[in-house]
Amino acid sequence: MSIEVKNITYTYMAKTPFERVALKNIDLTIEQGEFVAIIGHTGSGKSTLVQHLNALLTPTIGSVLVDGNDINTKNEAAKTARRKVGMVFQYPEHQLFEETVYEDIAFGPHNMGLSEELVENHVKKAMEFVNLDFAEYKDRSPFQLSGGQMRRVAIAGVIALNPQYLILDEPTAGLDPVGRKDLFKKIQQIHKKEKIAIVLVSHNMDDVAALADRIIVMNHGEITIDAKPKQAFSQIEKITEAGLAVPHMTALLEQLKQKGLAVDTTPLTLSAGVDSILAAIRRRK
Amino acid sequence: MMLTDITIGQYFPGNSFIHRLDPRTKVIVLLLLIVAIFLLDTPWAYVGLCGFTFLIIRVSGVPLNMMIKSLKPLFWILLFTFLIHLFTTQGDIIWQGWIFSITGQGLKQGVFISIRLVLLILLSSLLTFTTSPIALTDALENLMNPFKRLGLPAHELAMMMTIALRFIPTLLEETDKIMKAQKSRGADFSSGNIVKRLKSLIPILVPLFIGAFRRADELAIAMEARCYRGGANRTRMKVLKIDRIDYVAYSFLAVVLVGLSVLKCSGL
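Quick note, the sequences are listed as chains A and B, same order.
Numbering-wise (our numbering), the first sequence opens with residue 1 and increments by one.
Numbering-wise (our numbering), the second sequence opens with residue 1 and increments by one.
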């Protein structure tokens, strides 16, 4: 079970002066249960790429298979694919429309044709996941909530579909530090507990460094790095070329190494970084 | 077709003779041509006008298929107008069937009115294709200036137009994004009966309106923060200037219009 992207190319507004190739020969397989981060600067094609994963866009060349079914924007397989592959857009709270939080989260399950009972089940579970109390919030208008709460309602609306793969496009944009930390924790939790594959789109290395098991770096519509975090971040040149910064920890350790301290530069979290520096100092003595 | 592929009112960048004309020249020429389109009523004059339109489209470098695309949204109106004229004009009957009858005059009227509409659309599209929205509103503001004394808020009108034009692509993009987001949640916009389809628009329209109001609010604050206050003493970065090529365009137009009038008066 996996999402396979087979050699796709995508061109925006073909045959006009606005023509722009957004993706070039992308080959990619996302296995079930993986935690993948797709990183790239603005306009690198990362958002375009993820929109192919649930048939919102059809590749100009190539094909996308979700669990073995070829999907494109028009066929039936696309509909099932959209259930399996949940997609949270940037600023998802801008897509809220219902009168109550409950109704908005239930929009997806209703479209799946579930019975009222099951819908309520899904909604409850989704709200629990994003830390919104069901009884307290279900009848409130989503437009009277705070920004962070609206974001959580919107994300719950996608989680209520019970997807096997969850794509999040810059889910923490515009959130305060506490909200960011909270959301990342939740995402990690759903990944571990429910075995849902996560595809996290971001331009911030620090955010994804500690979370993902696999890093994909995009530059000018092409994949330039596809590796485990430690290997990915050791390719500093390619990362800088893609217009990105390595995580702060990697940058710090690299600098220490250049100054002559034989330190291991692979750690990504603060505590591992401290250990690595301590170990290097002890060795020197 | 994707929403972002829509080309109506879109600027087609280029550096042709038409692109380089002063936008005021283009607006005035368009107005004169529209008058000409409605005054002419002889076959050869239309041939001449069609030829002229075709010529300036070629000169502008805008691809023909893009021009034809601009006609597409109005296809049904065109067809409807043609049929109405075809069947309801009194005159000598050339074909009759059931309750319908076609007259020679009707056919002629129908063809003429269709050509008129097509030319109108093509010429106005050519104006927006070859003139950036900013240049176009500058031109309109400038042309409306004489009416300021009569109390016409020329600057404000132009500003409203600029903002409206500026936000068309943004709103289209937003619509596209909202549609995709709702599709991801299993929304279906293309099946079911008319009631169901109209209902399926609610998840798009509500966020779209909220978004539009939010943007309007933000824009107003941003403008106020930069001390914007209408047309009082504002200067321009690009000052409009009638140049030599504008005189060339006017002279050419004069020749064409005289030629067409001659055709009309001699009844060809």
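If you are wondering where the hints come from, they were derived from the structure by calculation, not from laboratory data.
Only a predicted model underlies this, so the values are computations on that prediction, with no experimental measurement involved.
Accuracy of the hints is not assured; some may be wrong.
[What the hints assert, rightly or not] Within a straight-line C-alpha distance of at most 30 Å, the following computed DSBU-like cross-link-like pairs (lysine-lysine) qualify:
1. A:Lys230 - A:Lys195
2. B:Lys72 - A:Lys74
3. B:Lys180 - A:Lys185
4. A:Lys74 - B:Lys180
5. B:Lys180 - A:Lys138
6. B:Lys180 - A:Lys192
7. A:Lys185 - A:Lys259
8. A:Lys79 - B:Lys148
Straight-line Cα separation of Lys185 of chain A and Lys259 of chain A no greater than 30 Å?
Violated: Lys185 of chain A and Lys259 of chain A sit about 35 Å apart, past 30 Å.
Given the hinted pair Lys79 of chain A and Lys148 of chain B, is their Cα-Cα distance within 30 Å?
Cα-Cα ~57 Å, so violated.
For Lys180 of chain B and Lys192 of chain A, compute the direct alpha-carbon distance and say whether it is at most 30 Å.
28 Å, holds
For the pair supplied as a hint, Lys180 of chain B and Lys138 of chain A, is the alpha-carbon distance within the 30 Å limit?
This hinted pair holds, its Cα atoms lying about 25 Å apart.
Please verify whether Lys72 of chain B and Lys74 of chain A have alpha carbons no more than 30 Å apart.
Holds, at roughly 23 Å.
30 Å limit on alpha-carbon distance, applied to hinted pair Lys230 of chain A and Lys195 of chain A:
23 Å, holds
Check the hint pairing Lys180 of chain B with Lys185 of chain A against an upper bound of 30 Å on the C-alpha distance.
With a Cα-Cα distance of about 27 Å, the restraint between Lys180 of chain B and Lys185 of chain A holds, given a limit of 30 Å.
Going straight from one Cα to the other, do Lys74 of chain A and Lys180 of chain B come out at no more than 30 Å?
13 Å, holds
Of the numbered hints stated above, those contradicted by the structure are hints 7 and 8, listed in ascending order.
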